[in-house]
Amino acid sequence: MINSSIWILWTVAVMVITLSIRNPFYLILVIVGLFYLGHRLARQKNISAWVLSNSRFILTMILLSTLINGLFAHVGSSVLFTLPKGWPLIGGNITTESLVYGAINGLMIGALYLLFNIINLALNIKQITRLIPRAFQPIAMVVTIALTFFPSIQQRTQEIKEAQMIRGNQMKKVADWLPILIPLLVSSLENAILLAESMTARGFHKQANLKAPLALVSLILAAFAVFSGWILQVYRYPRPIYITLFLLGSGLTVLTLFTIGKRSKITRYHQESWRLLDLLMGFLITFFLVSFAYLALTDRLLSLNFSPYPRLTLPRIQTLGIIFSLIPLLPSIISNHD
Amino acid sequence: MINFKRLSYQYPQSSHKVLDNVTIDIPAGTLTLVTGASGSGKSTLLRCINGLVPHFSGGIISGEIQVFGSDPIGEGVAVMAGKVGFVFQEPEAQFVFDTVEDEIVFSLENLGISRADMDRRINEVLNELDLSGLRHRKTNTLSGGEQQKVAIASALVAQPQVLVLDEPTSQLDPISADDVLKFMLALKTQRKLTVLISEHRLERLLPYADLILNLSEDKTIQFGDPQQVLPEIVQVPPIIEIARKFGLSPLPLKLETFPEISTDLLPSSNAQSNHSPKIEGETLLSVHNLNTSFSCRTILKEINLEIQGGEILVLMGPNGSGKTTFLRSVLKLIPSSGEIYLNGVDIQNLHFSEVIQNIAYLPQNPNDLLFAESVIDELKITLKNHGQDLTLINYSEFLDHFGLAEKMDQYPRDLSVGERQRTALAAITIHDPNIIFLDEPTRGLDYHAKRSLSDLFYQWREQGKAILLVTHDVEFAAHLADRVAVLERGQIIFVGSPTNAFTNIHGYQTQTAQLFPNRGWITPEDIENTTKPTF
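Each protein sequence line maps, in turn, to chains D and V.
Going by this note's numbering, the first sequence opens with residue 1, and the numbers climb by one from there.
Going by this note's numbering, the second sequence opens with residue 1, and the numbers climb by one from there.
The hints are simulated quantities; they were obtained by calculation from the structure and are not laboratory data.
Predicted, not measured: the structure shown is a model, and the values here were computed from it.
Any given hint could be a false lead.
[Stated by the list, open to error] Partial pick of chain D residues on the chain V-facing surface, computed with a CB cut under 7 Å:
{"no.": "1", "residue": "Gln158"}
{"no.": "2", "residue": "Glu162"}
{"no.": "3", "residue": "Ala163"}
{"no.": "4", "residue": "Ile166"}
{"no.": "5", "residue": "Asn169"}
{"no.": "6", "residue": "Pro183"}
{"no.": "7", "residue": "Phe204"}
[To be verified] From the derived model, a few chain D residues whose C-beta atoms are all more than 10 Å from chain V:
{"no.": "8", "residue": "Ser48"}
{"no.": "9", "residue": "Trp50"}
{"no.": "10", "residue": "Ile109"}
{"no.": "11", "residue": "Leu178"}
{"no.": "12", "residue": "Arg202"}
{"no.": "13", "residue": "Pro238"}
All C-beta atoms, glycine included, are put in the ideal place defined by N, C-alpha and C.
Using the sequences plus the hints, can you model the full thing?
Next up, the structure:
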């Protein structure tokens with residue numbers, strides 16, 4: 001088992017990389033890597049069902065995104081066919097480029113979906129809730145409620161669907177789903193309130209430390225740093241200045257939250273252990289992430305950016321790009337059996 | 001000590017006070033039974049003790065509360081968490097985490113207890129509630145009774161001085177309910193707890209109550225020793241009803257202290273007329289060799305059962321014995337093998353829509369049925385679904401049978417629990433089906449709402465409908481049943497007369513049957529022609 005903080009670090013790394021890539025070749029590599037990892041993690045559960053449902057979702061995403069972009073964006077030079085100009089929104093040229101652009105978006109969404117699915121496999125509700133800074137107890141409460149509810153919603157839907165079918169609802173039209181939606185919403189809300197009550201009654205959300213003056217000042221300062229960094233970036237000031245401001249702001253935020261969290265007197269029954277392997281993995285991921293950011297910001301990873309417009313060409317490929325696209329595979333170095 | 005001083009409370013956006021000028025003192029180490037009709041403010045009062053009201057609910061509060069030197073209104077829920085343990089009605093809905101250990105540890109972590117201390121306390125509470133074997137289990141694989149014990153453990157592990165339980169057994173079968181209460185009571189003595197527990201069904205808790213707090217609908221409060229308060233309560237458990245019949249004083253609170261009543265004061269004949277089988281109607285539904293399994297696990301084995309028109313058949317059995325699965329199998333909602341005949345026709349040859357034309361089904365959660373803007377719309381939607389004419393029915397007359405004629409235009413979700421239950425029943429029976437399945441219809445209902453419900457069932461019986469009632473509520477079932485079937489581990493282990501069932505089957509004996517064994521009486525009404533004795 002990998003320490004849950006390392007899982008989060010990994011998630012951040014994969015997210016940064018996925019969101020910076022527009023090259024379909026790299027995105028496919030990321031997805032394949034994630035599938036391999038997920039397939040290993042799902043070993044205890046139903047592997048084939050996991051792979052099947054995820055592939056289905058990702059393919060649907062790619063298809064939908066391709067269709068939508070193809071139908072609505074009429075840019076690009078390789079015209080496949082033309083829909084009558086009079087048709088609102090979709091009238092115009094359908095081009096290979098716009099279809100490819102849509103497919104790239106689909107790949108990106110697919111990769112992110114897969115990433116969250118894997119986090120769900122790797123960590124349980126408790127671990128996820130605990131990763132939320134202690135200063136953000138209300139957020140942790142909402143997250144817990146959301147995570148606890150996710151599995152139960154499917155079951156509730158089935159129960160309500162049966163109840164409505166018994167009343168003769170034939171479930172044929174879209175409107176027939178309204179009788180399910182309303183009871184589902186109401187009962188989810190009622191259950192959420194009950195769960196929140198139960199958590200509160202057992203001492204959750206005890207601290208309101210954010211009101212501490214020093215913490216407030218430092219959070220405002222942090223926000224100010226990030227905001228001014230953003231303004232400087234918009235006005236194209238030298239890069240080192242605004243990047244320093246960004247780092248300063250986010251560093252201050254993390255530090256403040258950490259200090260506030262330390263002050264709250266929550267204890268842990270199970271402390272997650274840190275092993276040498278975890279530290280090594282943390283180091284590796286940080287190293288890859290920092291070098292990725294450095295190389296990307298100094299324009300040495302141009303092959304990440306790929307645009308099919310104005311005329312479709314084959315994406316460029318760099319060895320470094322391939323290496324970074326394989327970061328999702330890092331956790332699989334550690335066997336999940338130990 | 002818990003003291004309420006002139007406490008009044010009003011929910012946000014509500015026009016009236018739920019609690020009005022409540023002044024009571026509850027001594028330490030006592031068990032107070034909180035009773036009253038639905039909507040009388042039981043839950044609200046309990047939630048004041050740990051500050052959920054007003055800190056969680058909002059609203060306007062006035063007056064004072066002192067709980068062992070703390071002020072929940074001023075200090076808030078989180079601070080009170082160390083003093084007051086709270087157990088809610090629905091076992092599963094109150095769980096935050098998915099394993100027993102995590103769940104129990106939760107409050108300790110929030111209170112900042114050291115790890116060594118935690119370890120000791122967890123082991124202690126697991127032993128006390130006999131849960132050690134379940135420590136690493138997933139909470140959703142536990143039975144209802146086990147879940148409620150875990151909820152009690154999670155509350156007690158913080159070592160509170162007060163334990164508050166809001167209808168903790170209403171979702172449990174009689175045997176699990178007794179088990180949960182037994183452990184709760186042992187802990188009360190061991191840990192010198194002050195316990196407040198709300199319940200609709202007094203019979204189970206009356207023997208252990210030091211005090212009764214009755215919230216009546218007119219906002220007056222009766223509080224004190226059971227002997228003081230019971231005479232003022234109209235709806236009482238059978239034992240008190242019988243004691244009143246014989247004019248006993250002081251009132252016996254438990255079966256063991258019920259005095260011997262001389263035989264010449266009792267009616268001589270066995271008053272079985274109330275429960276003798278009715279004239280046999282035609283068989284509306286017959287089930288032969290029904291088997292149902294889910295992912296290789298057998299849920300129902302070789303079930304054989306018939307229901308006649310004009311009969312109320314009560315199906316009982318522990319949580320998880322397959323009662324709901326049985327209803328769903330007959331309705332073709334889940335696949336099963338065996339033969340089912342509906343009005344003499346093999347159900348295999350019927351379309352689902354034909355099945356539901358004939359069988360109405362009230363699921364455990366009646367809220368699942370309700371979504372329309374008004375009560376009358378709910379009825380119209382069912383009719384429309386079944387393709388029936390909306391103009392042929394006199395809606396207000398129909399709703400009158402359900403006591404809902406006045407509420408015709410109201411939004412169903414704004415109604416009381418009992419009214420919502422009856423709205424759901426009206427919505428599933430408006431197309432006049434001749435068989436009615438009811439899954440736990442009395443959950444959370446007070447005596448009054450139950451009475452309205454049983455009147456409705458009698459009407460249906462008169463009309464020749466067949467009623468299959470699944471319930472844990474033994475006393476309610478004894479009043480209604482024409483025949484009883486008991487399901488255990490997927491098999492029917494008993495089918496027979498209510499007299500036989502409620503006098504002989506362990507865990508299902510009514511109070512009347514336990515007081516007068518070998519008489520064949522199962523409800524207080526069975527004891528007819530009694531003369532007032534002179535003691």
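Quick rundown of the hints versus the structure:
1. Gln158: Status violated, d = 10 Å.
2. Glu162: This hint holds: D:Glu162 lies near chain V, its Cβ roughly 5 Å from the closest one there, short of 7 Å.
3. Ala163: Constraint on D:Ala163 satisfied, holds at 4 Å.
4. Ile166: 5 Å, holds
5. Asn169: At about 5 Å, which falls below the 7 Å cut-off, the nearest Cβ of chain V leaves the hint on D:Asn169 intact, so it holds.
6. Pro183: 5 Å, holds
7. Phe204: 5 Å, holds
8. Ser48: Consistent with the label, D:Ser48 stays out of reach of chain V, its closest Cβ about 16 Å off (over 10 Å).
9. Trp50: 17 Å, holds
10. Ile109: 29 Å, holds
11. Leu178: It is violated; D:Leu178 is separated from chain V by about 7 Å at its closest Cβ, not greater than 10 Å.
12. Arg202: 4 Å, violated
13. Pro238: For D:Pro238, whose nearest Cβ neighbour in chain V is about 48 Å away, the distance exceeds 10 Å, so it holds.
Of the numbered hints stated above, those contradicted by the structure are hints 1, 11 and 12, listed in ascending order.
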